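Make the full structure from the sequences, and use the hints.
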Amino acid sequence: MDLPLLPTELLHHIARHATSLQTLRTLACLNRRFYAVFDPLLYERDSQCPHSAAIDWAAKHGAMEILKKSLRHGAEVSLYAPGYTPAGETQVVGGWYNPHVNPSKPQHPLCLAVQNGHVAIAELLIARGCDVNMRVNACFSLLCLAVKHSQIPMLKSLLRLGARQDINTRANLDSPIEIAARQGDEAIIELLLHYGPESTYPTTPQMQGALQYAIAEGHLHVLKPLLNSSIDLNFHFTGRSLRRFITPLLWAVAEEDVELVKMFVASGADPNVYTWGGESVLTRAVVRHNEEKVRVLIGGTDRSRRTQALTRSMDYPDGHIARILLDNGTATDFQEGESGAGDRYHDGCKSVNATLIPPLISAVILGHFDLVQLLVARGANVNVEYHNYIEPLSDWFLGGPLLLAIKLGNEEIANFLRDQGPEEIVKGLSTKFEN
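Oh and the sequence shown: position 403 is 462 in our numbering, straight run, nothing missing.
No lab work stands behind these hints, which were simulated from the structure alone. Among the hints, a few may not be true.
What the hints assert, rightly or not - When the alpha-carbon atoms are kept at most 16 Å apart in a straight line, the in silico EDC-like pairs for lysine to aspartate or glutamate are as follows:
id	residue 1	residue 2
1	Lys207	Asp233
2	Lys283	Glu318
3	Lys127	Glu103
4	Lys215	Glu182
As the structure is a computational prediction, the values presented were derived from the model and not from experiment.
See below:
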């Protein structure tokens, strides 16, 4: 007897003894009669498996009817990803963190739905109790997975349902906004910053990490939404292909575009944050001889750092930057304790921090007569005392500008300073320094 002509009772007997789902599926596809017999048995058999193939297929391909049909036939969907404990729970084994990940486990249907952008299926599974903060086998949260695949509607749904951005593991430290910044996806960054309840917003360290990724990857177009998000810019880079220990503002000063500096300052970057080596961002702008950046930075820079920048401006005999600094209230001298000007003792080291030299001393050392005149005209102390190693003298020096000019053999500067009425011998100096 041909197979299509077999009695229904015999077909049920065949179905009960079929050993594979593939066999049942093949039989169900032969004709309508076979479909009516074998299809329900196919779903019932599938529902008895530890992991439902029908639900996985429906989640991956967005087949809502197949998903609902499988659920009606008794298929169960785990509330958590295979191999994981609920989000937030961890376990320490032998002193090591165990993220409960088993890469060989099949992906959870919710992860498949998120990865493929099937919002309705994801929402149905979450409504049935699936963990919106579960992690997939690669240690990504669902939000991270949606960001990686640029699934904006899915992101909106997950955020609306309370998915948190701080769910990551030691195996994957990057948050959703950091991944978006690394990909240069401005739309997703805007979404992560402002969509959903405030409890789901990224943390300050995550936004700072995103800023570093955007800079490291050259995605400068995503800086604006980050800077508009009240991010704390007063931190030091921690890697991500960037030099460590420099601040975002210091990085911006090193770039060609002055608008970057303006953006960072307008967003709260403090020019006085400590930088590696002690060189301020204003001094860095002076060293780069960028007058416009100097104008942007000087207003927020403190007294001491302004005077340090003035010292470095003595390197440029045209005096343009020095005049900008002086016209904006920069003091021509350090206050007591701000520099090495009054330090009569040394440790035998010949290294000199150029930012700690009084501006007038620096101008004298460099032999820039016009700058000496400018500083004196703006109130520089012609009796300022300085003690340090002077490279052009190849020796240690203790004294003031006049004595330094004499020792350096700069008669023009020495005569000018002498006319200002300085003390011929600075108090406390030995007569061996006299000419």
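Handout entry: Lys283 paired with Glu318 [C-alpha distance capped at 16 Å]
Key = holds (11 Å)
Exercise for the section: Assess, step by step, whether the Cα of Lys207 is no farther than 16 Å from the Cα of Asp233, and give holds or violated. Expected result: Answer holds: Lys207 to Asp233 is near 11 Å, not above 16 Å.
Exercise for the section: With a cut-off of 16 Å on the C-alpha distance, tell me whether Lys127 and Glu103 pass. Expected result: Cα-Cα ~13 Å, so holds.
Problem - Lys215 paired with Glu182 [C-alpha distance capped at 16 Å] - result: Distance of about 11 Å is within 16 Å: holds.
Violation of the numbered hints given earlier is absent; every hint is satisfied by the structure.
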